[in-house]
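S.K.: Each residue of the sequence shown is one higher than the one before, counting from 1 in the UniProt record's numbering.
Source of the hints: derived by calculation from the structure; they are not laboratory data.
Just so it is clear, CB atoms sit at the ideal spot from N, CA and C, and this is done for glycine as well.
Treat each hint with caution, since some may be false.
[What the hints assert, rightly or not] Here are the in silico distance ranges between beta carbons for each label pair:
#1 Glu352 <-> Thr313: 29 to 35 angstroms
#2 His309 <-> Lys337: 43 to 49 angstroms
#3 Ile495 <-> Ala162: 26 to 32 angstroms
#4 Asn274 <-> Gln404: 44 to 50 angstroms
#5 His486 <-> Thr313: 46 to 52 angstroms
#6 Gly467 <-> Gly291: 21 to 27 angstroms
#7 Lys532 <-> Asn179: 54 to 60 angstroms
#8 Asn187 <-> Gly262: 45 to 51 angstroms
[To be verified] Straight-line C-alpha distance at most 20 angstroms; calculated EDC-like pairs for lysine to aspartate or glutamate:
#9 Lys337 <-> Glu422
#10 Lys197 <-> Asp160
#11 Lys166 <-> Glu178
#12 Lys215 <-> Asp165
#13 Lys532 <-> Glu422
#14 Lys461 <-> Glu178
#15 Lys198 <-> Glu147
#16 Lys197 <-> Glu184
#17 Lys166 <-> Asp488
#18 Lys197 <-> Asp279
#19 Lys447 <-> Asp470
#20 Lys217 <-> Glu178
#21 Lys337 <-> Glu298
#22 Lys217 <-> Glu154
#23 Lys197 <-> Glu147
#24 Lys447 <-> Asp413
#25 Lys166 <-> Asp490
#26 Lys461 <-> Asp488
#27 Lys197 <-> Asp470
#28 Lys491 <-> Glu508
#29 Lys198 <-> Asp165
#30 Lys215 <-> Asp205
#31 Lys447 <-> Glu482
#32 Lys166 <-> Asp205
#33 Lys532 <-> Glu454
#34 Lys532 <-> Asp497
#35 Lys198 <-> Asp279
#36 Lys359 <-> Asp416
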Amino acid sequence: MATSSRPLFVSASAASSASPSRACLRRLHTVVAVSIWEPCPPLRAAACCFAQTKHCCRRSTKCFASGPSVSRLTRPIKRLLSRYSSLMIVMHSNINRFYQAISALHQDGRSKHFMSVGFGRMVLGMVLVMSISAASYTAPSSSALTEENLLFLEAWRAVDRAYYDKSFNGQSWFRYRENALRNEPMNSREETYAAIKKMLSTLDDPFTRFLEPEKLKSLRSGTQGALTGVGLSIGYPMAINGSPSGVAVMTATPAGPAEKAGILPGDIILAIDNTSTEDMDIYDAAERLQGPEGSSVELSIRSGPSTRHVVLTRQTVTLNPVRSRMCEIPGAKDSSKIGYIKLTTFNQNAAESVREAIKTLRDNNVKSFVLDLRNNSGGLFPEGIQIAKIWMDKGVIVYICDSQGVRDIYEADGADTIAASEPLAVLVNKGTASASEILAGALKDNKRAVVYGEPTYGKGKIQSVFGLSDGSGLAVTVARYETPAHTDIDKVGVIPDRPLPASFPTDEDGFCSCLRDSTAPCNLNAAQLFTKS
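Produce the entire structure from the sequences given, and follow the hints as far as they go.
M.R.: What follows is the structure, given as C-alpha cells:
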C-alpha cells in the first residue's frame, strides 16, 4: 500500500516553505493510488526525484520503482480502487473539512507545535476509513429493483444530468438517491410519483416539477398551438396588481369561452370548481381549467372590487400567438403609420407569426413598430431566440449560465433578420415573464428598442421537459440566464426605459386610440415614442 512517510503538516517555523495550500490539498488523490500529491519535504526532496510545483510535489516513476508495487496490492484494495470515483468525492470532502479545522486552529495560535509523522498517518488513516465507509455502500443490483424503483431512478438521472445547480441545493444527490431507494415506499405508481415529488421538493425550486401523464400531454399540446380548455393564460400569484393570493389572468384568447364571459387580463381566479386557488400551483390550476371538449368548469372571479361566479364550457382553442394592426396617426410625419404587434405566447408558431405580421404591415407602408409583450408569460425558449433575431442584425441575445458561470451564448448574426432598421418600441409589465423577458432584455441592452412599462416578472431561469418511460415527465431548471449587459433578472425583472400611463390599454384598438387622441390620459406622443429622452 503506497503511503506517505512524511508528516501531513509541518511545524509553524517551516510553514512558509512547506505547509500545503488549499489547492494543494485539493489535488491529494489518495493514499492507496500510485500518484500521490503531498507537501514537499525540503530536506528529502533531493534524495528521491520530485517534480515541484509551488508547495506541491509529485513523486516520480523512479521513486515508485523503489517503493511498494501496485501489483502487490491485496484483493480488497483492488476492489476499493474499482470504486475510485465515489471514493475520491468523499475523500475530497473529508480532507477539505480537516484542512479547514486545522486552519482555524492555526489562525487561533493553537497549532504551533510540530505535527508528527504518527499524527499525519493517523489523520490520513481516519480520512481513509471515513471515505471507505461512505463509498463502499453497494446499491441494489438491477435485478433487485422493481419497476417502480426504475421509474424513480429514471427521474433521478434526468435531474442529475440536467439540473443547473450541481450542488443540488447543498445536498448529496447521490446519497439522497440511495436513502430514497432504501426508505421511501414505492409499491405503487402513486407512491412512486409521491417519492419523485418529494425528491424534487428538496431542490427548493418551484419551476422544477413533476408532470403526471395528463399534465405532460397538456403542456406539450399548449406549446404546439392548440388545446382544449377555456382560453385563458394564467400567471403566478402576485404577478399582476400585487394580488396577494389566487391565480392571475394574463390573457384571454379572442373568441374563447373566457373572453366571451367577460374575463379580462388582471382578473383574479379565486376558485376553480369550488376549490380555492389561494395556495394552488399555477400548473395545477392550468390542469383544472383544461378538460374534455364540451365539459364545464365553474370559476370564482374577482374583477376589481367585485366578485362573480361564471360557468364556462370547454372547447378546442387555437392559440394564435400574434395579433396585429396598423395605427395611422393624423398630423405625424415620419411616424404617421405605426405597426402594432401583440405577442401573447411563445408557442411553436410564434416566430413565423411575427414574420408574417411584419410583412403584412410593411405592405401597408408601415415605417415603425410597437411590440407588445405585456401579460406574455413566456413559452418556448427557442422561439424567443428566433424572434430576437428577426429584430436584431447582430449582437448577443442572452447568456446561458450555470453554477460555474457562462456556459453558452446566443447571438444574432443577421441571417434571420427582416426588421433590423425600423424604429421599435417594446411594451412590458409585471405579467411579462420568461422568454418574453429574454426578448425584451436583448432588445433593450442592444439599444435596438425603447422599452416602456413597468419592471417585468423576473423569471431568470430556463426549464427543459424530460419525458419518462410511463408517459409522465419532469420540467427541470437547466440554466439561468443573463441579459447581454450581464444582468441577472431573476426576481428583479427587466427595468424599462420609460413608464406607460397608468390607464394605458392592453388591446390593439385601445392602443391606436391613445396615440390618436392627444387629450386622452393614456396618450403617448407618437413623435417621441421611439426616443428614450
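S.K.: Each of the hints needs a verdict: does it hold here or not?
M.R.: Right, here's what the structure says about each hint:
no., hint, verdict
1, Glu352 <-> Thr313: 29 to 35 angstroms, "holds, 31 angstroms"
2, His309 <-> Lys337: 43 to 49 angstroms, "holds, 44 angstroms"
3, Ile495 <-> Ala162: 26 to 32 angstroms, "holds, 30 angstroms"
4, Asn274 <-> Gln404: 44 to 50 angstroms, "holds, 48 angstroms"
5, His486 <-> Thr313: 46 to 52 angstroms, "holds, 49 angstroms"
6, Gly467 <-> Gly291: 21 to 27 angstroms, "holds, 22 angstroms"
7, Lys532 <-> Asn179: 54 to 60 angstroms, "holds, 55 angstroms"
8, Asn187 <-> Gly262: 45 to 51 angstroms, "holds, 49 angstroms"
9, Lys337 <-> Glu422, "holds, 12 angstroms"
10, Lys197 <-> Asp160, "holds, 15 angstroms"
11, Lys166 <-> Glu178, "holds, 18 angstroms"
12, Lys215 <-> Asp165, "violated, 25 angstroms"
13, Lys532 <-> Glu422, "holds, 15 angstroms"
14, Lys461 <-> Glu178, "violated, 29 angstroms"
15, Lys198 <-> Glu147, "holds, 19 angstroms"
16, Lys197 <-> Glu184, "holds, 12 angstroms"
17, Lys166 <-> Asp488, "holds, 19 angstroms"
18, Lys197 <-> Asp279, "holds, 17 angstroms"
19, Lys447 <-> Asp470, "violated, 47 angstroms"
20, Lys217 <-> Glu178, "violated, 30 angstroms"
21, Lys337 <-> Glu298, "violated, 43 angstroms"
22, Lys217 <-> Glu154, "holds, 19 angstroms"
23, Lys197 <-> Glu147, "holds, 17 angstroms"
24, Lys447 <-> Asp413, "holds, 16 angstroms"
25, Lys166 <-> Asp490, "holds, 18 angstroms"
26, Lys461 <-> Asp488, "holds, 10 angstroms"
27, Lys197 <-> Asp470, "holds, 16 angstroms"
28, Lys491 <-> Glu508, "violated, 29 angstroms"
29, Lys198 <-> Asp165, "holds, 18 angstroms"
30, Lys215 <-> Asp205, "holds, 18 angstroms"
31, Lys447 <-> Glu482, "holds, 16 angstroms"
32, Lys166 <-> Asp205, "holds, 13 angstroms"
33, Lys532 <-> Glu454, "holds, 15 angstroms"
34, Lys532 <-> Asp497, "holds, 7 angstroms"
35, Lys198 <-> Asp279, "holds, 18 angstroms"
36, Lys359 <-> Asp416, "holds, 14 angstroms"
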